[in-house]
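Based on the sequences and whatever the hints tell you, model everything.
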Amino acid sequence: MTQLGNPDLTGNSVTPTSAHGLKATGVDVTTAGAAQPPAPDQGGSTPANGWSPAGVLEKGWARLLLGLLLPAALIGAWQWSTSAGLFSVVQLPPPAMVFEAAADLIQRGELGQHVAISTQRVLIGFAFGAGLGLAFGALVGLSRVADVLLAPTIGALRAVPSLAWVPLLILWMKIGEDSKVTLIMIGAFFPVFTTVSLALRHVDKNLVEAGRAFGLKGLKLLTTVQLPAVVPSVFSGLRLALAQAWLFLVAAELIASSMGLGFLLTDSQNNGRTDRLLLAIVLLAVIGKITDALLGVAEKWAVKRWA
Amino acid sequence: MTAVAASARPSASAPSAARTSDLSSALPVSFRGLRRTFGTGGSAHTVLRDIDFDVREGEVLAILGPSGCGKSTLLRATAGLDAPSAGSVNIGTTPVQGIDPRCAFAFQEPRLLPWHTLQANIAIGLPKSSSAKTGKAKVARLLELVGLDKFAKHRPREVSGGMAQRASLARALARNPGVLLLDEPFGALDALTRIKMQDLLLEIHAAEPTTVLLVTHDVDEALQLADRIVVLGKEPGREGDGATIVRTVVVPDERPRDRGSAELARMRSSLLESLGVEGH
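Protein chains in written order, with the UniProt record's numbering: chain A, 1 to 307; chain B, 1 to 280.
These aren't lab readings, by the way, just hints derived from the structure by calculation.
Be aware that one or more of the hints could be misleading.
Label pairs and their calculated CB-CB ranges [to be verified]:
1. B/H217 x A/L123: 51 to 61 Å
2. A/L123 x B/A86: 54 to 64 Å
3. A/V160 x B/G39: 38 to 48 Å
4. B/G42 x A/D147: 46 to 56 Å
5. B/T93 x A/A127: 29 to 39 Å
6. B/K136 x A/A72: 54 to 64 Å
7. B/A86 x A/D147: 47 to 57 Å
8. A/T153 x B/G39: 26 to 36 Å
9. A/A146 x B/L272: 49 to 59 Å
10. B/V277 x A/T153: 50 to 60 Å
11. B/T134 x A/V160: 54 to 64 Å
12. A/M259 x B/K128: 52 to 62 Å
All C-beta atoms, glycine included, are put in the ideal place defined by N, C-alpha and C.
And the structure:
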């Protein structure tokens, strides 16, 4: 493909293009072409010298720096608006105060606890919710009977807003870790379930038939053909699920907890500590983004490996 | 076209692969009163009917016919991928019931798993009973047989269409098949690659003389490769009834055959006439 496409892109005359066209029909030439190591991603329109905007955007450090531009600008605007007296300290404390609040909480050993317990709840709830989502998604995606039996109920449960579960979970499981983790599980379950069941239904029928023709069936067919084929969709489902898990974490911690970032939010609101409130929001943004980025790295690897 | 055929000839006339008959034990296939009807009630339509035919063990049988005449259905019934509405397919002495481990299928498209290497894709064809060690050795031998030993670790998308199709053929051979089923395996390839693949198939058949059922719509391909050709089609006066075998032709001479021979040319135009194309 690239062989045939390049002459057009670089604007060569017609002759080399047709020569390529002729050669490409012969087995030996295509064989020789494939013998070279597979070309790495050529990044679309990147020219050879690599100093176009597109070329810079391919570099990891450049993307990181550019991605930090807007947050830096926001902090600048924040600082400026507070020192210009646009807001009172209670409405919007300056960045330095939020930083001090963080230092203070770290010194008391509380901040680490809040972050740790919240992260733990998210990870446990996410792991179980995503696991169940994968299992039920596989069942509904592969079995028409399961689809007919389960899909309407699961769809209806999915329509229930997250906060509606809270009173019931507290009633059943008391105010402890169980009720919170369960709520997060519910949040993580649906994105994985939906993406996996849909993706499994659209696995290339030809590949599945080829697998069957070579004696694969049941679990072996699932693990050899169907699951690998949906790995990219599974990962996009997982990333959605992780975002949902953080969302549901705050819902759980806002209502009943004595620790965690959601608790820090409500506690700060009740005590008028806007600096800590902002700190909690910034931490949720940063930790959420970090966990998503980690999953993104795993996704990139998996897509390369399985697609 | 003739120049190309001449240049491709030497590789076909000198099969390089050693005779490895331990790989396959050719089995005969018989069709008895086979019928396949799709749908039920008013919308039912019959694709195949009254297929009664015997394929000898080790024979290369080409199945010719116009598009939609049920060639692939016949092949799928042999593999057990599809169940006939009436009648039966027997391989050896036992009928085909469900997916048959004695058959191996190569499809029109390579249908390789994109996340596996060619080597791992070929290994999927290995019979269940094979141990890891013998399986590995067999895959290595097959990679060599189809000329892909240097590409064992490549992924399907990193090789050409012809190479992927060769890997697909090797996957089928890994099964140790009593019957090799080829559903227009070279149909999607360009003309040059197709001729090389046909020669490769003859080499493989010489090395491992299994029974081959080859579905094709290419008369020349059938004449080059097959011992016998059956033509599927609708009988005059029974057009609404589904296709059946309307003609059987024994192709004379040993393979490889001269692509320019006068007798083959005569058979070619006669076969084309059976397929409803006249004056060629």
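Here is how each hint holds up against the structure:
Between B/H217 and A/L123 the Cβ separation comes to about 58 Å, which falls inside the hinted range of 51 to 61 Å. The beta-carbon spacing between A/L123 and B/A86, approximately 59 Å, falls within the hinted interval of 54 to 64 Å. For the pair A/V160 and B/G39, the supplied restraint of 38 to 48 Å holds, since their beta-carbon distance comes to about 42 Å. Roughly 29 Å separates the CB atoms of B/G42 and A/D147, a value that falls outside the hinted 46 to 56 Å.
For B/T93 and A/A127, the Cβ-Cβ distance of about 54 Å falls outside the hinted range of 29 to 39 Å, so the restraint is violated. Separated by about 56 Å at the C-beta atoms, B/K136 and A/A72 satisfy the suggested range of 54 to 64 Å. About 32 Å separates the C-beta atoms of B/A86 and A/D147, a value inconsistent with the hinted range of 47 to 57 Å. Range check, A/T153 to B/G39: Cβ separation about 33 Å, and the 26 to 36 Å hint holds.
A hinted range of 49 to 59 Å holds for the C-beta pair A/A146 and B/L272, which are about 51 Å apart. Between B/V277 and A/T153 the beta carbon distance is about 58 Å. The supplied range of 50 to 60 Å therefore holds. Distance hint for B/T134 and A/V160: a CB-CB separation of about 56 Å, consistent with the stated range 54 to 64 Å. One distance hint, 52 to 62 Å for the beta-carbon pair A/M259 and B/K128, holds here, with the actual separation near 54 Å.
When the structure is compared with the earlier hints, violations turn up for hints 4, 5, 7 and for no others.
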